[in-house]
Amino acid sequence: MLGSGIIKGLAVTAKNFLGSYHDPARMVTVEYPEQPTVLPEAYRNFPFLISEDAADPMGTLRCVSCQICEKECPPQCIVIEKSKDKKPDATGKPQLYPLTFNIDISVCMSCQICVEVCPFDAIKMDKVFEVAVTNRFDGLLLTRDQLAKPNSYYHDIHPAEAAEVDERLAAERKAAEEKAKAAAAAKAAAAAAKATPTPKPSDGPTEASAKGGTAA
Amino acid sequence: MTAALLLIAVLMLGSAAAAMLRRNLIHSALLLVASWTGVAAFYLWAGAEFVAFAQILVYAGAVSMVVLFAVLLTRQSREADLPIEPATVTRTASAFAVAASLAAVIGSAVATARFPAASAEAPAASVKQIGLELMAEHGAALLIVGIVLTVALIGATVIASNDKKRDPEDAP
Amino acid sequence: MNSPAPAFASVPSPFGAPSGPTVRAVHDQFHGDLLEVSMGPQHPSTHGVFRMIASLDGEQIVKLKPVFGYLHRNHEKIAENTSYLASMPYTDRLDYLCSMSTNWAYALAVEKLLGQSVPDRAQYLRVILAEMTRIVNHSCLVGFLFNDLGTSFTPLLYAFREREKFIDLFESLSGSRMMCNYQRFGGCRVDPTPEWLAAARTLIENFPRFLDEYERLLTGNEIMLARTQGIGRLDPARAVNAGITGPVLRASGVDYDIRKVDAYGFYSRFDFRVPLGDHGDTYDRYMLRILEMRESVKILSQAFRDIPAGPIMDPKAKQRGHRPKAGEAYARIEGPKGELGFYLLSDGGPNPYRYRVRPPSLINLTLLEEMCLGHTIADSVVILGSIDIVLGEVDR
Amino acid sequence: MSAAADSFLERAPLELRDWAVQLLPAPLQWISHHLITIVAVLAVFGLFFAFTTVAERKLLGRLQNRLGPNRAGLPKFSILPWHIRHKLFGLSQPFADAVKALTKEDIVPAAADKVLHFLAPVVVVGFSLMTFAVLPFGRNLIPVELDAALLYFFAAGSASELAIFMAGWSSRNKYSLLAAMRALAQLISYELPLILSVVPVVLVASTLSTSAIVQAQGAWTFGVLPHWFVFTPWGFAGFIIFLISALAESNRSPFDLPEAESELVAGHLTEYSGFKYALFFMAEYFGLTALSGLGVTVFLGGWQAPCELLYWVPSYLWFMGKLILMIMLFIWVRGTLLRLRIDQLTRLSWQFLVPLALLNVGNAAFWALTAQWSGPLQLVRWAVSAAIVIVPFLVIGRSLSAGYAPRTYRYAP
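Chains as they are written, first to last, in the working numbering: chain H, 1 to 216; chain Y, 1 to 172; chain W, 1 to 396; chain S, 1 to 413.
Everything labelled a hint here was simulated from the structure, so no lab data went into it. Nothing here was measured: the structure is a model prediction, and the numbers come from that model. Yeah, the Cβ is synthetic: ideal placement off N, Cα and C, and Gly gets one too. Keep in mind that a hint or two might mislead.
[To be verified] Which chain S residues face chain H? A few, computed with CB under 8 Å, are given here: (1) Arg62; (2) Asn65; (3) Val199; (4) Gly335; (5) Thr336; (6) Leu337.
[Claimed, not checked] Once the Cα atoms are required to be at most 27 Å apart in a straight line, the calculated DSS-like pairs of lysine-lysine come out as: (7) H:Lys93 with H:Lys15; (8) H:Lys149 with H:Lys127; (9) H:Lys71 with W:Lys316; (10) S:Lys104 with S:Lys114; (11) W:Lys63 with H:Lys15; (12) H:Lys71 with W:Lys318; (13) H:Lys8 with H:Lys93; (14) H:Lys71 with W:Lys325; (15) H:Lys71 with H:Lys93; (16) H:Lys149 with H:Lys71; (17) W:Lys65 with S:Lys174; (18) W:Lys260 with W:Lys298; (19) H:Lys87 with H:Lys149; (20) W:Lys63 with S:Lys114; (21) S:Lys114 with S:Lys100; (22) H:Lys149 with H:Lys174; (23) H:Lys8 with H:Lys71; (24) H:Lys8 with W:Lys112; (25) H:Lys87 with H:Lys8; (26) H:Lys87 with H:Lys179; (27) H:Lys86 with H:Lys149; (28) H:Lys71 with W:Lys112; (29) S:Lys104 with S:Lys174; (30) H:Lys149 with H:Lys84; (31) H:Lys93 with H:Lys82; (32) H:Lys71 with H:Lys87; (33) W:Lys77 with H:Lys71; (34) H:Lys174 with H:Lys187; (35) H:Lys149 with H:Lys93; (36) W:Lys165 with H:Lys127.
Taking the hints into account, I'd like the entire structure generated from these sequences.
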């Protein structure tokens, strides 16, 4: 009968009209400023640098400025300048640190390849998406101190991922300490052996522990 | 009441004259519509509501559309303008002669006719009476007018339809 | 209009002399002044920055010239100056509605170049995500098509409401709604959690309910039938000659689905059917998309049922600094819009020597004029909508 | 005139007017009598227009599972204590729109024909407002008691075509001219079924005056079933044809071709902005309200109560209730149906609506002639009348939708 399709269509919109009052699957609008939007844990926006403790963010940056992320970043929006001197990192091994670490977030497309390729878990993806600024040039060029955020903040935004990363780092540090202890014990034993018999030129286990952190 | 009559007359004749003088065709067509509404206002003044609304519905609604469509669809391309020769003595003389004779005929008709007193109260004809009047005495006239209009309508569609053959179906 | 068995030789190739009447001939014949209307790049109904210059005789289109290139971002030249891994996020921006399947096509091409194997669980994940992208893309298209037909956004908002549920799954898996950057050479980047798989399975189970409601709203609608049946008819032989692929080709009745032809990935393990149209008009193209969505739901339910455990990334796969040996590779998948292919020519260096994308949207666009000739402007907008182009892919 | 309906609320508006009129000296009374009516109608239907726009956006929103406008709150300087936070559920949206429309810059294109460009909105709003003069809002709440009221209504309504042409032509814009021609084709081809769908009512009620038509629908059978014309076979068919034509006359949903955004951007309104655009927008809504008011008066029993028990409710509330229902129906159709192409639209009118409307007039004539049949003959009368409506509908409907049917699809082997 001509018009039956139209009537069925009207019935569908009527059902949606009534559904929008009680059926949560239909009424999906979230009134944004008043009701916060719920972001999934894996959500990623612009990167940030992790520092071990919040008190002295610049001092305890995990980043050792190996510049792998600078090379691998597709739009080349990361600029790193190495430091001249070295500074002991969490495991006590002297490491370089970045004097300047700029990310131009107007160029960054938040593809998280820098997070993937970073061997030191120094850079992770943030969840802040309200980044509007009034000045386009230096407003969107985030420097090192704007990027650095404490590890506790990392636990807040990506709990599961942060826990897993910390586990891995703790395991590595324990391994490094055992190696250091074993090296120290071996050295002490060698020194003791050297003190009792005549001193013989033995190079023994050198002081250099495993090359910094985990190898690539 | 005559002040209203004067106003309506000025409106009607003024817009008709302006329609004739305007260079822009669309403006003159719209001024023509204004003069038709003037005629409708005159009917209202005379108390014949039915005819006034019919006048607006038919003229201001439909015939104006026909006029405007006609103006739009005729081609105003350059070569269509006919060259007008300069005015010669014979043509102006014959023009004046025709005008004079026409004025004479209308003048005599107006002079001899006996208009009933303008103040006589117009009969309060209700729509029902008009309907009955039309159907009873003037039924034949109504039917003839109906037939003529239908013939005209069908003729127009036939003429318009064989225009179709002029532009063949060009889609491959 | 449906020509009998398509004899390919006899059919005039679309790239020869234009078969339609030239504008000059038409003008002289009618002495009518053709109204040249440009539906410009910022026209509300063209999908993105696409321009159609139509010469109109009254309401009928006599000549239609598509103009594109407004969104050209030099994608292929950039890819030739960055490493293989670094151009993976750029493939999200090609067809920004289906980033997961575009990533897969690029990963497939590089894996063919590297000779890289992919574990089973990753293959299943890739099929799942590609079919979910097909549903997302088709619901987008169907929504936009009806937006051009004139309903004030109602079907579009219903389709987007369902699409949002899929895109939330993409976001909780890969981190971003549309720019997923999820596939890597040798597998996937993130292993979905059991909760994610459960949520996806429930979503797939009640997706057909939405499709039935959608069809009740629109498929029987008399105005919809009148506006789309018999509009923009595409002859199968001409479609094959013009290299058109995907639902537009299958709507004309040509049985060509790369998931069946190449059986790439694990598609051979799933049984699904390929719907075909008979008339090749806009209505067929619309119905094809609805039926393909139903087939995708079938594939997804099978995939969720028997997805194996195991690694999602080949352990021996390198993470970065890929240097495939000199050679070339061409990999293609059945993207929602048609055959999406990546051709890579490597000279052994870290960057590809030549990087070429086969964009189905652009190639499906070549016969737009032929489909629109003889129809009105209102139809040309609907025909463009039914071809489903995304300007990111057309202009690259 | 059922005497029982003289409750205070019923007579209140008239009492008010008469009290105000006799305050003034004698010569002014005639003028002030009509002036008050005009001001009342303008105020009521001005507000009605304002809240129809909000209702349309909120209803469309709910049809599409989203919220309508709910942000426009009270103006900042209002004295109410809680004015800052309260959002008034979007009810102050129309005033915000009005302020926006007024403050927007009014651009007149250089090549435009200034006089016509300015005159078009004036004509369209003027004529669409004049149509309210003959609608009976309440028992004796009718602005002008005219003998040929219906003819007046259609005469005033038909002049809006002129305004659309003036708007399209004076904008000197390719799109506007194309859209103006399409709008005119649509309006002309739908004016005929609109008038023809009302002719059966005039034939049965044998009068052109709207208040008499509403009187004719006064009685109820068994106290519950009202004698509205819509509950007769020819009345229902006439109502459906009236609805479709009213949709087309006011350029709404399935027929909003002139403003078809997807093709001709904003049709003949492309070159209008600021207050002139708001005037066109307002005129469209006034036209819609007037047409649905006429539909309520002619088919749905104007201000008559649906059943005898509710006669004490003031009559103008019934009229307003039915008017709101009609407008919600228009909004509901706008949220659902697709747009017709110009040739399908005119074909629907000339090949489907006009023949059915003519048959409907014949049907009403049969109904009027067989008025005295009683008992079993009454059933025969209803059956024949229903047949005259349904059989041609099926026959012409099949020929109209020949060749269009949902298809079944084969799958690759």
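Now the hints, each set against the structure:
The beta carbon of S:Arg62 comes within 5 Å of a beta carbon in chain H, closer than 8 Å, and the hint placing it at the interface holds. Restraint check, S:Asn65 versus chain H: the minimum CB separation of about 5 Å is within 8 Å; hint holds. With its C-beta approaching chain H no nearer than about 23 Å, S:Val199 sits outside the 8 Å limit, and its interface hint is violated. With 8 Å as the threshold, the beta carbon of S:Gly335 comes within range of chain H, its nearest partner Cβ sitting at about 6 Å, so the hint holds.
Because the smallest distance between the Cβ of S:Thr336 and any Cβ of chain H comes to about 5 Å, under 8 Å, the interface hint for this residue holds. Interface restraint check for S:Leu337: the shortest CB-CB distance to chain H comes to about 6 Å, inside 8 Å, so the restraint holds. For the proposed pair H:Lys93 and H:Lys15, the alpha carbon gap of about 67 Å is over 27 Å, so the pair is violated. A threshold of 27 Å between alpha carbons decides the hint, and for H:Lys149 with H:Lys127 the separation of about 12 Å falls inside it, so the pair holds.
Note on H:Lys71 and W:Lys316: the hinted pairing holds, with a Cα-Cα distance of about 23 Å set against a maximum of 27 Å. Proposed proximity of S:Lys104 and S:Lys114 is supported: the alpha carbons are some 19 Å apart, at most 27 Å. For a cut-off of 27 Å, the pair hint linking W:Lys63 to H:Lys15 is broken: about 44 Å separates their Cα positions. Proximity of H:Lys71 to W:Lys318 is assessed by CA-CA distance (about 16 Å); at most 27 Å being required, the pair is judged to hold.
The suggested pairing of H:Lys8 with H:Lys93 is violated, with an alpha-carbon distance near 74 Å, which exceeds 27 Å. Taken as a hint, the H:Lys71 and W:Lys325 pair is honoured in the structure, with Cα atoms around 21 Å apart against an allowance of 27 Å. Among the hinted pairs, H:Lys71 with H:Lys93 is consistent with the structure: their alpha-carbon atoms are about 25 Å apart, no more than 27 Å. Our distance criterion of 27 Å between C-alpha atoms is met by H:Lys149 and H:Lys71, whose separation comes to about 23 Å.
The hinted pair formed by W:Lys65 and S:Lys174 meets the criterion: a straight-line CA distance of about 19 Å does not exceed 27 Å. Of the supplied pair hints, the one linking W:Lys260 and W:Lys298 holds, its CA atoms being roughly 15 Å apart against a limit of 27 Å. Our distance criterion of 27 Å between C-alpha atoms is met by H:Lys87 and H:Lys149, whose separation comes to about 19 Å. Between the alpha carbons of W:Lys63 and S:Lys114 the distance comes to roughly 35 Å, so the proposed pair goes past 27 Å and is violated.
A threshold of 27 Å between alpha carbons decides the hint, and for S:Lys114 with S:Lys100 the separation of about 24 Å falls inside it, so the pair holds. With a C-alpha separation of about 24 Å, the suggested pairing of H:Lys149 with H:Lys174 holds against the 27 Å cut-off. Between H:Lys8 and H:Lys71, the direct Cα distance comes to roughly 59 Å. Violation of the 27 Å bound is thereby established for this hinted pair. The suggested pairing of H:Lys8 with W:Lys112 is violated, with an alpha-carbon distance near 51 Å, which exceeds 27 Å.
Restraint check for H:Lys87 and H:Lys8: the C-alpha separation of about 74 Å exceeds 27 Å, so the hint is violated. Using a Cα cut-off of 27 Å, the hinted pair H:Lys87 and H:Lys179 holds, with the two alpha carbons roughly 21 Å apart. Distance restraint check for H:Lys86 and H:Lys149: the Cα-Cα separation of roughly 21 Å lies within the 27 Å cut-off, and the hinted pair is therefore satisfied. Restraint check: the Cα-Cα separation between H:Lys71 and W:Lys112 comes to about 25 Å, which is no more than 27 Å; the hinted pair holds.
Straight-line distance between C-alpha atoms of S:Lys104 and S:Lys174 comes to about 24 Å, which keeps the hinted pair within the 27 Å bound. Taking the CA atoms of H:Lys149 and H:Lys84, the gap is near 23 Å; set against the 27 Å cutoff, the hint holds. Proposed proximity of H:Lys93 and H:Lys82 is supported: the alpha carbons are some 17 Å apart, at most 27 Å. Distance restraint check for H:Lys71 and H:Lys87: the Cα-Cα separation of roughly 24 Å lies within the 27 Å cut-off, and the hinted pair is therefore satisfied.
Annotation: proposed proximity of W:Lys77 to H:Lys71 holds, straight-line Cα distance about 18 Å (limit 27 Å). Our distance criterion of 27 Å between C-alpha atoms is met by H:Lys174 and H:Lys187, whose separation comes to about 19 Å. A hinted pair counts as satisfied when its Cα atoms are at most 27 Å apart, and H:Lys149 with H:Lys93 qualifies at roughly 22 Å. Using a Cα cut-off of 27 Å, the hinted pair W:Lys165 and H:Lys127 holds, with the two alpha carbons roughly 20 Å apart.
Of the numbered hints given earlier, the model fails hints 3, 7, 11, 13, 20, 23, 24 and 25; all others are met.
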